[in-house]
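Student: Residue numbers (numbering that gives the first Met the number 0), protein chains in the order written: chain A, 0 to 158; chain B, 0 to 403; chain C, 0 to 383.
If you're looking for bench data, these hints aren't it; they were derived computationally from the structure.
Keep in mind that the hints are not guaranteed to be accurate.
Listed next, the in silico SDA-like pairs over lysine to any residue satisfying Cα-Cα at most 20 Å (straight line) [unchecked claim]:
| no. | chain 1 | residue 1 | chain 2 | residue 2 |
| --- | --- | --- | --- | --- |
| 1 | C | Lys67 | A | Arg104 |
| 2 | A | Lys121 | C | Lys199 |
| 3 | C | Lys67 | A | Pro61 |
| 4 | C | Lys50 | B | Lys47 |
| 5 | C | Lys199 | B | Val54 |
| 6 | A | Lys121 | C | Tyr60 |
| 7 | A | Lys136 | A | Asn151 |
| 8 | A | Lys121 | C | Lys50 |
| 9 | B | Lys47 | C | Leu145 |
| 10 | C | Lys249 | A | Arg73 |
| 11 | C | Lys67 | A | Ala57 |
| 12 | C | Lys226 | A | Arg39 |
| 13 | C | Lys50 | B | Arg401 |
| 14 | A | Lys136 | C | Gln267 |
| 15 | C | Lys226 | A | Pro94 |
| 16 | C | Lys218 | B | Gln398 |
| 17 | C | Lys45 | C | Glu70 |
| 18 | C | Lys226 | A | Pro97 |
| 19 | C | Lys67 | A | Arg73 |
| 20 | A | Lys121 | C | Gln353 |
| 21 | B | Lys47 | C | Tyr147 |
| 22 | C | Lys67 | A | Arg39 |
| 23 | C | Lys226 | A | Ala57 |
Just a few of them, taken from the derived set where beta-carbon distance is under 7 Å, the chain A residues facing chain C [what the hints assert, rightly or not]:
| no. | residue |
| --- | --- |
| 24 | Asp45 |
| 25 | Asp49 |
| 26 | Thr51 |
| 27 | Val53 |
| 28 | Ile95 |
| 29 | Pro97 |
| 30 | Trp129 |
| 31 | Leu134 |
If you want the ones that stay clear, here's a sample from chain C, every Cβ over 12 Å from chain B, calculated [claimed, not checked]:
| no. | residue |
| --- | --- |
| 32 | Gly48 |
| 33 | Arg111 |
| 34 | Thr143 |
| 35 | Lys161 |
| 36 | Tyr182 |
| 37 | Asp201 |
| 38 | Phe259 |
| 39 | Gln267 |
| 40 | Asn268 |
Just so you know, even glycine gets a beta-carbon here, dropped at the ideal spot from N, CA and C.
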Amino acid sequence: MVATLKRQFGSGITEASTYLGQNYMVVDRSLIPEILQVLRDQEQFDYCVDITAVHYLAREKPFDVIWILYSFPRNERIRVKTLISDGEALPSSVPIWPTTNWLEREVYDMFGIAFEGHPDLKRILLPEGWKGHPLRKDYGIIQQDNEWVRANLGIESGQ
Amino acid sequence: MLDYVTSYLRSNTTPGQAGNLLWAFIYIILIFLGLSVAVIAMNWLERKILAHMQVRLGPMRVGPHGLLQPIADAIKLLIKEDIMPAEADKSVFWIAPVLIVITAFTTFIVVPFGPTHAVTDMNIGVLFMLGVSSLSVLGVVMAGWASNSHYPLIGALRSSAQMVSYEIAMGLAVVAAVLMTSLHGIGLYGVAHGAVGDGTLSMIDIVKAQQDQHAWFIFKFFPLGLIAFFIFAVAMIAETNRAPFDLPEAESELTAGFHTEYSGFRWSLFFLAEYSAMIAVSAIAVTLWLGGWLRPFPTWLTGETWDLVFSLFPAATFLLLALIAIVGTLRMPKHPYFRVQTLGLAGFAAVLALIGILLLLPPVRDRIQDIYWFSLKVAGFMYLYIWYRGTFPRYRFDQLMRVG
Amino acid sequence: MSDPSTNISHLELGDRNETFLDSNELVINMGPQHPATHGVLRVILKLDGEKVLGTECVIGYLHRGVEKIAENRTYAMFNPYVDRMDYVAAVSNGLGYCEAVERLLNVQAPPRANYIRVILTELNRLASHMLWLGTHALDIGAITPLFYTFRDREEILKIFEKYCGARLTTHAFRIGGCLYETYDGFEKDVTNFLDFVTPKIDEYEELLTTNRIWVERTKNVGKISGKECIALGVTGPVLRASGVRWDVRKAQPYAAYSDFDFEIPIGQNGDTYDRYLVRMAEMRQSLHIIRQAVGKIPEGPIMAKVPKVIKPPVGEIYHSIEAPKGELGYFIVSDGSTQPYRLRVRPPSFVNLQALDMMVRGQLVADVVAVIGTLDIVLGEVDR
Chain A
0 MVATLKRQFG
10 SGITEASTYL
20 GQNYMVVDRS
30 LIPEILQVLR
40 DQEQFDYCVD
50 ITAVHYLARE
60 KPFDVIWILY
70 SFPRNERIRV
80 KTLISDGEAL
90 PSSVPIWPTT
100 NWLEREVYDM
110 FGIAFEGHPD
120 LKRILLPEGW
130 KGHPLRKDYG
140 IIQQDNEWVR
150 ANLGIESGQ
Chain B
0 MLDYVTSYLR
10 SNTTPGQAGN
20 LLWAFIYIIL
30 IFLGLSVAVI
40 AMNWLERKIL
50 AHMQVRLGPM
60 RVGPHGLLQP
70 IADAIKLLIK
80 EDIMPAEADK
90 SVFWIAPVLI
100 VITAFTTFIV
110 VPFGPTHAVT
120 DMNIGVLFML
130 GVSSLSVLGV
140 VMAGWASNSH
150 YPLIGALRSS
160 AQMVSYEIAM
170 GLAVVAAVLM
180 TSLHGIGLYG
190 VAHGAVGDGT
200 LSMIDIVKAQ
210 QDQHAWFIFK
220 FFPLGLIAFF
230 IFAVAMIAET
240 NRAPFDLPEA
250 ESELTAGFHT
260 EYSGFRWSLF
270 FLAEYSAMIA
280 VSAIAVTLWL
290 GGWLRPFPTW
300 LTGETWDLVF
310 SLFPAATFLL
320 LALIAIVGTL
330 RMPKHPYFRV
340 QTLGLAGFAA
350 VLALIGILLL
360 LPPVRDRIQD
370 IYWFSLKVAG
380 FMYLYIWYRG
390 TFPRYRFDQL
400 MRVG
Chain C
0 MSDPSTNISH
10 LELGDRNETF
20 LDSNELVINM
30 GPQHPATHGV
40 LRVILKLDGE
50 KVLGTECVIG
60 YLHRGVEKIA
70 ENRTYAMFNP
80 YVDRMDYVAA
90 VSNGLGYCEA
100 VERLLNVQAP
110 PRANYIRVIL
120 TELNRLASHM
130 LWLGTHALDI
140 GAITPLFYTF
150 RDREEILKIF
160 EKYCGARLTT
170 HAFRIGGCLY
180 ETYDGFEKDV
190 TNFLDFVTPK
200 IDEYEELLTT
210 NRIWVERTKN
220 VGKISGKECI
230 ALGVTGPVLR
240 ASGVRWDVRK
250 AQPYAAYSDF
260 DFEIPIGQNG
270 DTYDRYLVRM
280 AEMRQSLHII
290 RQAVGKIPEG
300 PIMAKVPKVI
310 KPPVGEIYHS
320 IEAPKGELGY
330 FIVSDGSTQP
340 YRLRVRPPSF
350 VNLQALDMMV
360 RGQLVADVVA
370 VIGTLDIVLG
380 EVDR
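Extracted from the complex, chain A is given alone in its bound form (with noise of 0.2 Å):
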């Protein structure tokens, strides 16, 4: 499968491997909706069962967002990974996997990665006004929005 897809999209797989029996797949920001679509529609990857990311605080492109989809009818599960940088947006894999709306919901919340096309972007796990993102590197353990604890809850900190 991993031949298939390096004759369609040639250089833009910079990696495609195997780490402990789990298949995953480094690709370039720039194949992003084609090889979801790709995937779902030919190789059958129905499923997409998460959408997370990681941020490394050093890097040139800090951000990792991966895709890990499975296919029923193959009972095979990829990992599809990308570096995108700091403020760069991804297009929305809504469309390609409706599951997608409130994964893609939650790591806009936690890292800040803005998802293009998507209908509804807007926080889900934190309260509406809440400032910073709290899954990256550079947000301390006990750091909170303390304006907005102040202006909504009435009390200095609670910490």
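With chain A held as given, fit chains B and C onto it using these hints.
Tutor: Using the frame of chain A, we list chains B and C on its own:
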């Protein structure tokens, strides 16, 4: 004066018909007291029976076996702060529970506990009861409206829609029973052997008709009597907003019912009205289908001995209850903490036993018969109400209306 | 807090000056505190009379930042946190996490540990389904099954307490195997429990399955087809009730499940009644698995050779198990240190809750409560 009082005791009509105001008054007071005791007992019974159906014990702490629980609840409700929503319509808010309680209690004017034991016997008795209980719908809507909040209003509208639609079913079932009263003088299996009499709407005459026809209406024209009874039974549960038709007042549903905004004493009025209505419609069912105050087999098993046997039932019931209470006392834990409770329960057992012995005396025995059988049948219905609450899931509102 | 009308971006509120009596459409808030929403969940409903036109779920009331905490704890220290997510079925969370880290370390838990894990996880599945049944019946109005199921669930919690000391948040497993050996009388307790509970499950079925009111309340309510389930990422009994025969225990077996013979019940219509039947059948399958397992627990060590300080090599892993609610996945990124660099939990309830909107469109308000119950969500898992 004394004559006025005692002459009634020998009459054979109800005080209302005899024009005897004093006794009518006494009966009204007795009904008030009786209803209050009944509602209190219902509260305790409901919690205990429901709990035992759910593999738990129910109230056990407040009095021995929770017997004082309803009193504690009543005191709590009475001393609660009376909250009125700021934007509520004050006069309507005040009147709604009062109206519902008035209608619930007024229906008891014609409920016959015996051939002469009713406040009065209108010759449109059944119609009167159904009509007055329909007025409670007005109270429900007023309660929902006065709260000035859309959840109670939606709950009230649902509740009223449900009550009104099930009244049709009730009415038709009642008509079936009333039609049967016109079969005057026909024997057990529908074989005519006498003149056909007039039908009647009077509660007392309906029971008398069942007596004459030697059959409780539930068994007439089997299974048609049973079907009419069943329809009425289901409709009456829906009419009183009890499970499984309690969507308008259920806790886990969105619209929390018309009595959401009421607290304390006003809420207890709704509660009182609900249980009184339950007893009232059960009374209708008992009168129309189950032979009112007639003892089982009034015409099959006749004769001195059978009369004696059946007349011992009231005393037997109370003595049995006293026995259960005594067994309960003996099983109480021996720890000093429970001393007061044990004494209380023993006292309760003693009172029950005393009443039982009192009921053995011949003059009391004869008079108490009718009241006893009537109350027993109504109590059976209350048990059924509680049983249904414990067993059935709730109907969704559109399904409920479709069933109606 | 925020005004509900500003939250509903895609629910197209009409002219703000209309009162609710003018238009037919009504926006109602099923607030965070509600007896039927299984936790703090806020559902904003847009209604046309009684019919639901659209919903929006507002979650995050129970967000505790578990994923951020994971980056500041060592692998072994994080183990107790995992139970607190799906607090109703804590043992499976622990199983998923321990297995994920074991894969990262490339160690295998010994067979005896695996059998113990399977027995406890299936007991945990039973407990979770019993709680689900009680609360779901309560939402629909049957107030009695709740007490029966909770009473029987007590017996399972007693076994957990005897095994690891805790009833609810068990912390039963360790990375590499189990810490505690089975106590004396464990097999006897479990067998007695199985004999005790089998007629009880029949009793629950008797109370509800053929009850006319139950059937009317649950048939054709919250229908979702298999294709929609897959597209929305819904897993667990919801997916199986829609006809897709998929269970992680069979598709990608873990922890000794391949040694046992069990079936995967599926439904046909994908409505609430089928989900109920599927979960009842799953309870029976769990009993079957436990019976097979308890008869032949192998001897041997219960802990694999895992270093004292757990430092997995650099790499990523995604491991998922079949939790009672659906596919529970752990995605762990390790940077070679003692603390995970990133730990992501893929919660089944979070993804299943997305399907709520689709499932209740066109149904009545009373059905919303029934559908939330049938999705079997636990807010601790949704919000983490």
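Student: Tell me if Val53(A) is really an interface residue toward chain C, meaning its C-beta lies closer than 7 Å to one of theirs.
Tutor: 5 Å, holds
Student: Does Pro97(A) lie within 20 Å of Lys226(C) when you go C-alpha to C-alpha?
Tutor: 11 Å, holds
Student: If we take the beta carbon of Asp201(C), is the closest beta carbon in chain B still more than 12 Å away?
Tutor: 16 Å, holds
Student: CA of Lys67(C) to CA of Arg39(A), is that 20 Å or under?
Tutor: Violated, because 31 Å separates the two Cα atoms, which is more than 20 Å.
Student: Does the alpha-carbon distance linking Lys121(A) and Tyr60(C) stay inside the 20 Å limit?
Tutor: It holds: about 16 Å lies between the C-alpha atoms, which stays within 20 Å.
Student: Over 12 Å from every CB of chain B: does Gly48(C) meet that, or does the non-interface label fail?
Tutor: 10 Å, violated
Student: Going straight from one Cα to the other, do Lys226(C) and Ala57(A) come out at no more than 20 Å?
Tutor: 42 Å, violated
Student: Against chain B, does Lys161(C) keep a CB gap of more than 12 Å to every residue?
Tutor: The claim holds: Lys161(C) sits with its nearest Cβ about 23 Å from chain B, beyond 12 Å.
Student: Is the interface hint satisfied for Pro97(A)? The criterion is a beta-carbon contact with chain C at less than 7 Å.
Tutor: For Pro97(A), the interface hint holds, since the closest Cβ of chain C sits about 5 Å away, which is under 7 Å.
Student: Regarding the pair Lys67(C) and Arg104(A), is the alpha-carbon distance no greater than 20 Å?
Tutor: Holds - the C-alpha atoms of Arg104(A) and Lys67(C) are around 17 Å apart, at most 20 Å.
Student: Just double-check Arg111(C) for me: nearest Cβ-Cβ distance to chain B has to come out over 12 Å.
Tutor: Consistent with the label, Arg111(C) stays out of reach of chain B, its closest Cβ about 37 Å off (over 12 Å).
Student: Quick one, are Lys226(C) and Arg39(A) close enough, alpha carbons at most 20 Å?
Tutor: 14 Å, holds
Against the hints set out earlier in the document, violations occur for numbers 2, 4, 7, 8, 14, 17, 19, 22, 23, 28, 30, 32, 34.
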